[in-house]
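There are 4 protein chains.
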Amino acid sequence: MPQFRNIAFVASETEEAETARRDLAARYGSAAPEEADIIVALGGDGLMLQTMHRYLRNRIPIYGMNRGSVGFLLNDYHADDLPKRLARAETTVIHPLCMTAHDRDGVKHEALAINEVSLFRQIYQAAKLRISVDGKVRMDELICDGILLSTPAGSTAYNLSAHGPILPINAPLLVLTPISPFRPRRWRGALLPNTAKVTIEVLEPEKRPVSAVADNTEFRDVITVESAEESDIEIFMMFDPGHTLAERIISEQFGY
Amino acid sequence: MPQFRNIAFVASETEEAETARRDLAARYGSAAPEEADIIVALGGDGLMLQTMHRYLRNRIPIYGMNRGSVGFLLNDYHADDLPKRLARAETTVIHPLCMTAHDRDGVKHEALAINEVSLFRQIYQAAKLRISVDGKVRMDELICDGILLSTPAGSTAYNLSAHGPILPINAPLLVLTPISPFRPRRWRGALLPNTAKVTIEVLEPEKRPVSAVADNTEFRDVITVESAEESDIEIFMMFDPGHTLAERIISEQFGY
Amino acid sequence: MPQFRNIAFVASETEEAETARRDLAARYGSAAPEEADIIVALGGDGLMLQTMHRYLRNRIPIYGMNRGSVGFLLNDYHADDLPKRLARAETTVIHPLCMTAHDRDGVKHEALAINEVSLFRQIYQAAKLRISVDGKVRMDELICDGILLSTPAGSTAYNLSAHGPILPINAPLLVLTPISPFRPRRWRGALLPNTAKVTIEVLEPEKRPVSAVADNTEFRDVITVESAEESDIEIFMMFDPGHTLAERIISEQFGY
Amino acid sequence: MPQFRNIAFVASETEEAETARRDLAARYGSAAPEEADIIVALGGDGLMLQTMHRYLRNRIPIYGMNRGSVGFLLNDYHADDLPKRLARAETTVIHPLCMTAHDRDGVKHEALAINEVSLFRQIYQAAKLRISVDGKVRMDELICDGILLSTPAGSTAYNLSAHGPILPINAPLLVLTPISPFRPRRWRGALLPNTAKVTIEVLEPEKRPVSAVADNTEFRDVITVESAEESDIEIFMMFDPGHTLAERIISEQFGY
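Chains as they are written, first to last, in this note's numbering: chain C, 2 to 257; chain U, 2 to 257; chain X, 2 to 257; chain G, 2 to 257.
It is possible that some hints are incorrect.
Because identical chains share one entry, a pair is satisfied inside a single copy or across any pair of copies.
[As the list claims (entries may be wrong)] Dumping the calculated EDC-like pairs for lysine to aspartate or glutamate here, alpha-carbon to alpha-carbon at most 20 Å:
| no. | residue 1 | residue 2 |
| --- | --- | --- |
| 1 | Lys208 | Glu142 |
| 2 | Lys208 | Asp141 |
| 3 | Lys129 | Asp46 |
| 4 | Lys208 | Asp24 |
| 5 | Lys137 | Glu253 |
| 6 | Lys85 | Asp38 |
| 7 | Lys129 | Glu219 |
| 8 | Lys137 | Glu248 |
| 9 | Lys129 | Glu227 |
| 10 | Lys198 | Glu253 |
| 11 | Lys129 | Glu142 |
| 12 | Lys198 | Asp233 |
Hints listed in this document are in silico derivations from the structure and should not be mistaken for laboratory results.
Chain C extracted, bound-state conformation (with noise of 0.2 Å):
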């Protein structure tokens, strides 16, 4: 069972996370999390994905307590017993997508998601587009609202309501969901396996133009979007027994 010496907690900015961190912080000590060897993340689902994606590089576990309003990746919070239930925490590993954007003048941006890649018409005009997956164009031209490519642990998030399927979240597969198809109309997406690497092409871009986002970092104006697995990149999510990113997601199937 790993011992957790040195924990970091970050909170965000409510007063009921913010109290929390400092009650425990006073109770367990503080690291910084660059130092640390386990982050205790005090707030909600946006606060998680946050500091997932700022330490994500550091390869330092993370765990969860919920002191905010949506608690799917999060576990519950309690103050007592820290040490002992980060000691018995189970592990999940998940992998980013990475997205690689060029716009319209020309500039590439690239950014992580933890969730999904989407792209997004950002006036009346509906967007055009054109898919294709490692290389071989597979639809030609799709005109819609949008579409996003989501990981497994995306897949109950914004793919969810825009009608896609829940991975679970062993699955090797990536999820490509369209928004709002206006033609083909009845064209539900695609599972597609974690190795896919997924170019979207944007038609008439200055008619249509288009923004793509990487979880929350948004980027607009943009003509050609690529987005595979980043399968070297590894993100420690940490969970209590029973309570795992596995099991919420396999409940999450049988909820309704």
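For chain C, the structure is supplied; the task is to place chains U, X and G on it using the hints.
Only chains U, X and G this time, still in chain C's reference frame:
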């Protein structure tokens, strides 16, 4: 059988449509639209919609002929025997929606929509909306990409892409359809009587800017949008017998 | 305000419903249903449906009170002040469907359906059906588990499970919804005017036997099924003000 | 490159398939299936499924050629150069599901399913089912027309009709999809790891009789049905290069 003596021709800007316009005008004469007994629109569905918008207060029947890429609202193109075809054509009367939007600067905007009124997020932040029908709050908070209210005539357009049902052209209904509902996630929208007045309030409009669109007329940064059928305005669309809009919509329902 | 002097009470077979029936009969007297001014049905939606079927030709208003597991069609249960509540209740008039089925032995069966007429495969072989509306073949061959035609009142029942839309109670429409369409696969069904006569022919009925059901009345091995609204029959359902069926259906549409 | 010296030909009962069988046997010789290096199946998807079922324990590769109405699992038909085509063909290995059903008379039935195991109500009474995965009850009570568990190979078949997602052929997943879920109404099913053991209990089996089907093998009046991937059984399907089942499934995902 009505006689249409003064025919006006309008065309989209493609060479094909323009050529047809010249040919037909040479054969049958050409009135100014405002003074015509009937307007013949040559192009695609976009031109037909645009023509209906332009002349909807003139109460002049509009007969479309397909010289464009999509022809749901149009008759087949033939140059011969036009007066006889027009005399035999059947009329479908439709009503537009009237949208009244207020923006963040306090400016009030009004526009008519033949197909639908839609609201859409402007940036990556999901829209947060409150929905009232006839003054009663029906959904306190919808987190989503957007929402649309469609007429029967528009139910085969954007509404269908957003997974809403197709309505018969004469059904006294409007259809309210969410776009990527995030919370509540599995909400599928509602069919409302055509007398319904629908009010959408944009919550947190600074953080979550939303635009409102009536067909192709867009207003940015709105904070409230009211929509209702404008039953006083009648638009007269003309179709060859056996190819009326009612028939097309039922065919579309049984297509796939 | 109508006065209901002679009240009949009917109850489902549970002890809870039977107790309520005895209590109310002791307080308010009890007429035979056929001679009553109003029938009060005590139980769940099943009893309510059954009561409407039994007395629909008697034109007696029916007021349900919930003593069962589901209460979509029912008012809340209170024993006090019943005459006053009945006098204030609002009436919703609905029409049943009339189903005429012919089976393989040449026998003709008729039954009424308040919710829906449905067809269903009897064995593992998928049903193969031909669909006509008003005498015109609209789908030559549908391979599926089955199909249903629902009234607005039934649209929240089986139709909703089969992914059909909810109709407002007063919409002059019927909804035709396929069950697991195999070919064409992405057909979602059709909204039809309430004047539509829908004919379903069972193809290859020996290999692919199909049963037809009007609410809970089932006929096996059918070969043709015709359904249409029986507009001559009026069923009077009574609801407390603010809790009418129209209001429940709109609430159901905004529920999730 | 493998050489297939002894080719067996099997055909469906249509004249077209039978003629092809005679022609090919005359040109290339004909072995008994049990002694062949490869079996060439001539017909539609039904014959292909039937051939795989019959010879799946013989571990003989099966190459289908389309002489029937649907050809998802089949190669194009050409009579020439067959040995060369077979030598170049690529192999897809799939695993069946093993279904173990117990009926009301205490009889135990076993059958394999290449596409899916499905349960279905036998009469108008909706099925009431309890769902467990790996011994843990995941849904206490599902009221529905039925439910199915599909392999990736079967995900484009019945599963797709019941609104389930298409799986890549190599995804280590099974998909559990409800048919017309009545309560919970908006349940969309679950993607499960291919190691999952799924148990369905039929509740109230006297009132609500249910049949279980493994591909085309049906057992009536079942009370429990257990299903799991039979990973020991390998079925070798052969496809022309560029037309593998993986490619067909991805094409199907991008079709509409």
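* Is it within a copy, between copies, both, or neither that the alpha carbon of Lys129 lies no farther than 20 Å from that of Glu142? -> Only inside one copy: Lys129 and Glu142 sit 6 Å apart there, 30 Å across copies, limit 20 Å.
* To do: Up to 20 Å between alpha-carbons, please classify Lys129 paired with Glu227: within, between, both or neither.
  => within (16 Å within a copy, 29 Å between copies)
* Asked: Taking 20 Å as the upper bound on the Cα-Cα distance, should Lys129 and Asp46 be classified as within, between, both, or neither?
  -> between (32 Å within a copy, 18 Å between copies)
* Asked: Which holds for Lys208 with Glu142 at a C-alpha limit of 20 Å: within a copy, between copies, both or neither?
  -> Answer is within: at 15 Å inside a copy they meet the 20 Å cutoff, but 33 Å across does not.
* Asked: When no copy is named, should Lys137 and Glu248 be tagged within, between, both, or neither for a Cα gap of at most 20 Å?
  -> Result: close only across copies, 12 Å inter versus 36 Å intra.
* Intra- versus inter-subunit Cα pairing at 20 Å for Lys85 with Asp38 -> Within one copy, since 14 Å is at most 20 Å while 60 Å is not.
* Asked: From the Cα coordinates, with 20 Å as the cut-off, is the pair Lys129 and Glu219 best called within, between, both, or neither?
  -> Both ways: Lys129 and Glu219 sit 19 Å apart in one copy and 19 Å across, limit 20 Å.
* At 20 Å max between alpha carbons, let me know whether Lys198 reaches Glu253 within a copy, between copies, both or neither. => between (28 Å within a copy, 19 Å between copies)
* For the identical chains here, do Lys208 and Asp141 meet the 20 Å Cα criterion within one copy, between copies, both, or neither? -> within (18 Å within a copy, 35 Å between copies)
* Under a CA distance limit of 20 Å, which applies to Lys137 and Glu253: within one copy, between copies, both, or neither? -> between (34 Å within a copy, 15 Å between copies)
* Is it within a copy, between copies, both, or neither that the alpha carbon of Lys208 lies no farther than 20 Å from that of Asp24? -> The answer is neither: 54 Å in one copy and 31 Å across copies each exceed 20 Å.
* Can you tell me if Lys198 and Asp233 fall within 20 Å by alpha carbon in one copy, between copies, both or neither? -> within (15 Å within a copy, 32 Å between copies)
In this structure, only the earlier hint numbered 4 is contradicted, and the remaining ones agree with it.
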